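> The hints should help you fit chain B onto chain A, whose structure is shown.
Chain order of the listed sequences is A and B.
For what it's worth, my numbering labels the leading residue of the first sequence as 76, then goes sequentially.
For what it's worth, my numbering labels the leading residue of the second sequence as 76, then goes sequentially.
Treat the hints with care, since some could be wrong.
Chain B is faced by these chain A residues, among others (derived, beta-carbon under 7 Å) [claimed, not checked]:
| no. | residue |
| --- | --- |
| 1 | G207 |
| 2 | A274 |
| 3 | G305 |
| 4 | H312 |
| 5 | T328 |
| 6 | R331 |
| 7 | T339 |
| 8 | I382 |
| 9 | E385 |
In silico DSS-like pairs for lysine-lysine, Cα to Cα no more than 25 Å straight-line [to be verified]:
| no. | chain 1 | residue 1 | chain 2 | residue 2 |
| --- | --- | --- | --- | --- |
| 10 | A | K106 | A | K237 |
| 11 | A | K208 | B | K135 |
| 12 | A | K329 | B | K352 |
| 13 | B | K208 | A | K329 |
| 14 | B | K329 | A | K211 |
Please keep in mind that the hints were generated in silico from the structure rather than gathered at the bench.
This structure is a prediction, so every number in the text was calculated from the model and none was measured.
Just so it is clear, CB atoms sit at the ideal spot from N, CA and C, and this is done for glycine as well.
What follows is the residue order along each chain.
Protein chains: 2
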Amino acid sequence: MEIAHPYLLFLGDVHDALAAKTAIGIVDWRKDWCLGQVRLDGCAADTGLPDVSIVEGASKGAKTMVIGAVNAGGRLPDHWITSIVEALDAGLDVASGLHVRLASIDAIREAAERNGKALHDVRHNSETFATGKGTKRTGKRILTVGTDCSVGKKYTALAMDKAMNDRGFSSSFCATGQTGVFISGRGIALDAVVADFIAGAAEWLSPDSEENHWQVVEGQGSLFHPSFAGVSMGLLHGSQPDAFIVCHEPTRTKMRGVETPLPTIRQVIDMTIQCGKLTNPDIQCIGIAVNTAALDEDEAWAYLAKIGEEFGLPATDPVRFGIDVMVDKISAEYGAP
Amino acid sequence: MEIAHPYLLFLGDVHDALAAKTAIGIVDWRKDWCLGQVRLDGCAADTGLPDVSIVEGASKGAKTMVIGAVNAGGRLPDHWITSIVEALDAGLDVASGLHVRLASIDAIREAAERNGKALHDVRHNSETFATGKGTKRTGKRILTVGTDCSVGKKYTALAMDKAMNDRGFSSSFCATGQTGVFISGRGIALDAVVADFIAGAAEWLSPDSEENHWQVVEGQGSLFHPSFAGVSMGLLHGSQPDAFIVCHEPTRTKMRGVETPLPTIRQVIDMTIQCGKLTNPDIQCIGIAVNTAALDEDEAWAYLAKIGEEFGLPATDPVRFGIDVMVDKISAEYGAP
Chain A
76 MEIAHPYLLF LGDVHDALAA KTAIGIVDWR KDWCLGQVRL DGCAADTGLP DVSIVEGASK
136 GAKTMVIGAV NAGGRLPDHW ITSIVEALDA GLDVASGLHV RLASIDAIRE AAERNGKALH
196 DVRHNSETFA TGKGTKRTGK RILTVGTDCS VGKKYTALAM DKAMNDRGFS SSFCATGQTG
256 VFISGRGIAL DAVVADFIAG AAEWLSPDSE ENHWQVVEGQ GSLFHPSFAG VSMGLLHGSQ
316 PDAFIVCHEP TRTKMRGVET PLPTIRQVID MTIQCGKLTN PDIQCIGIAV NTAALDEDEA
376 WAYLAKIGEE FGLPATDPVR FGIDVMVDKI SAEYGAP
Chain B
76 MEIAHPYLLF LGDVHDALAA KTAIGIVDWR KDWCLGQVRL DGCAADTGLP DVSIVEGASK
136 GAKTMVIGAV NAGGRLPDHW ITSIVEALDA GLDVASGLHV RLASIDAIRE AAERNGKALH
196 DVRHNSETFA TGKGTKRTGK RILTVGTDCS VGKKYTALAM DKAMNDRGFS SSFCATGQTG
256 VFISGRGIAL DAVVADFIAG AAEWLSPDSE ENHWQVVEGQ GSLFHPSFAG VSMGLLHGSQ
316 PDAFIVCHEP TRTKMRGVET PLPTIRQVID MTIQCGKLTN PDIQCIGIAV NTAALDEDEA
376 WAYLAKIGEE FGLPATDPVR FGIDVMVDKI SAEYGAP
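For reference, chain A alone in the conformation it holds in the complex (with noise of 0.2 Å):
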């Protein structure tokens, strides 16, 4: 699958910033790909890219219109249809991260009929993939972990391989959600697999590899969470990491979407390594990433210096303050580059 940039982001109506962070990851981490971003009436996220219509989108030189935003559900608003059509209609591709593939709607596949235009459908792929098999591959492994969905998983990953690569370490990222795969070019879907071959999807994802080369796997859900859990640990068992960073966001309560409560960070790392271990005995915590968004530059300094005591590992948050403590400890663990 290779999609065409320029991207128009589409946002939608979204009712927070969180159900647009396909669009804003992209952002984060192609916005030289970015030419606007598109939003509905009523909309309450915003990547801090120019606002433009799609028309003008299109006549400015974008390729392709990204459904950079996404429901409870991954469902597809009976009114987002109208845009993507009318961006169909102006000559662009689009390429979307939703559970329902675009092709499915009438009204849009016929519009991308009529005007010869590509559906770009990142959560739908045509591999095929063999069960998990468990045996231990070569090369080495980080898997980003989480206490719930959002809190920076991706974007640990990312900034993890980014700065490896620029310390002179071999790593790779390997995308498994849509944002990933939008943002790599490659990677897979990993929530939208059958269930039987969760596991095996990430073995393929992770395949073998030189021994002092580094997979930075992007982690998915929680094993706390009641809705996602079940791929959270096939991802676990399929990657089967060396290493794992615990991500965390402190000021939430409960888990994104459900009433559970979030887990703490002890859990999280204890029950990771408990399930890990079976398909690599060496599994370790290598450091925590903290979403301090919601805490100012005292509160988010304290709060990381607490935490990196109490677990004695690197804590930072990779937004605000980078990720080099973490490459240090790769470093000091497995040996530098």
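Same frame as chain A, now just chain B:
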């Protein structure tokens, strides 16, 4: 989905009895629906039904040929397709629990159309699910879990449901795999649900019910199986059992299809409680169901006595010695019917 009987059970040429567990399970519970078995050269499985040819079965009144055996990964070997086309041409419907859709194979789809016969893909369903919510529902639930795949989780759930009904409890069986669906005429093949919706599908399958009604949910895989633990985790969270039964095969050393050693019963109990309490804080183990087929009767009784004492729980082989001791335990813990 309504599957017409009598069935002809197709075993293909599978190399062991476990690979024909779908057919064997159907015979265990619905022998009166089964007219015969169809086996190809080299088949090492046997349901005990009379061997018949497809044409012979059709002439005796069979309505549906059920693909009652499965290869690793659920693929449909090319030489089985010939038999399926023969069945359709002989006037039978065909029902399959394989991952591949029968209609996706041209020769099969054409034969079905040519003969006006139905193709049932039990692993696929048109139901759409929400993501799991994790909130407590009314009624009571039992889940069977395992130290491995293919250790009797389905059989134990069916036996428990039957014994509870016989003893005056209000109970129903919730099928989560293809055989269970063939036996009960309803349910979901959970391993074929898209990963994001595993827990949601399990919630759909075991909805709110009368406070004194028991839903007996067929377990899948094992939290310790590196291929399928994601499915087991989502099913555990979604079915939010009050009570669970651990199923075990004492002579097995490696998990089915992989090199991973079997976990202990203690590990499975502890991990099931640890994970299961996320959606049901009162979850408890109420018994251990052992497949003692590889032991002689004295050995079997001795093993069950040892296990029962070690865990302070009823231990039985439901096939060999019945499951009344577990119904007694349910009565003692939750009250008589």
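> A separate judgement is required for each hint: does it hold in the structure or not?
Hints, one by one, checked against the model:
The interface hint given for G207(A) holds, since its Cβ lies 4 Å from the closest Cβ of chain B, which is under the 7 Å cut-off. Using the Cβ-Cβ criterion of 7 Å, the hint placing A274(A) at the interface with chain B is satisfied: the shortest such distance is roughly 6 Å. The beta carbon of G305(A) is positioned within 7 Å of a beta carbon in chain B (closest approach about 3 Å), and the interface hint is therefore held. Below 7 Å, beta-carbon pairs count as interface contacts, and H312(A) has one with chain B at about 5 Å; its hint therefore holds.
Taken as an interface hint, T328(A) does not check out: its beta carbon lies about 15 Å from the nearest beta carbon of chain B, beyond 7 Å. Here the hint on R331(A) is broken, as its CB sits about 11 Å from the closest CB of chain B, past 7 Å. Given hint, T339(A) at the interface with chain B, is violated; its Cβ is 13 Å from that chain's nearest Cβ, farther than 7 Å. A hinted interface residue such as I382(A) counts as satisfied when its beta carbon comes closer than 7 Å to some beta carbon of chain B; here the least separation is about 23 Å, so the hint is violated.
Evaluation of the E385(A) hint against chain B yields a violated restraint, the C-beta minimum of about 22 Å exceeding 7 Å. A distance of roughly 16 Å separates the Cα atoms of K106(A) and K237(A); the hinted pair therefore holds under the 25 Å criterion. Taken as a hint, the K208(A) and K135(B) pair is broken in the structure, with Cα atoms around 43 Å apart against an allowance of 25 Å. The straight-line distance between the Cα atoms of K329(A) and K352(B) is roughly 16 Å, inside the 25 Å bound, and the hint therefore holds.
Annotation: proposed proximity of K208(B) to K329(A) holds, straight-line Cα distance about 12 Å (limit 25 Å). For the hint linking K329(B) to K211(A), the alpha-carbon distance of about 16 Å falls within 25 Å, and the restraint holds.
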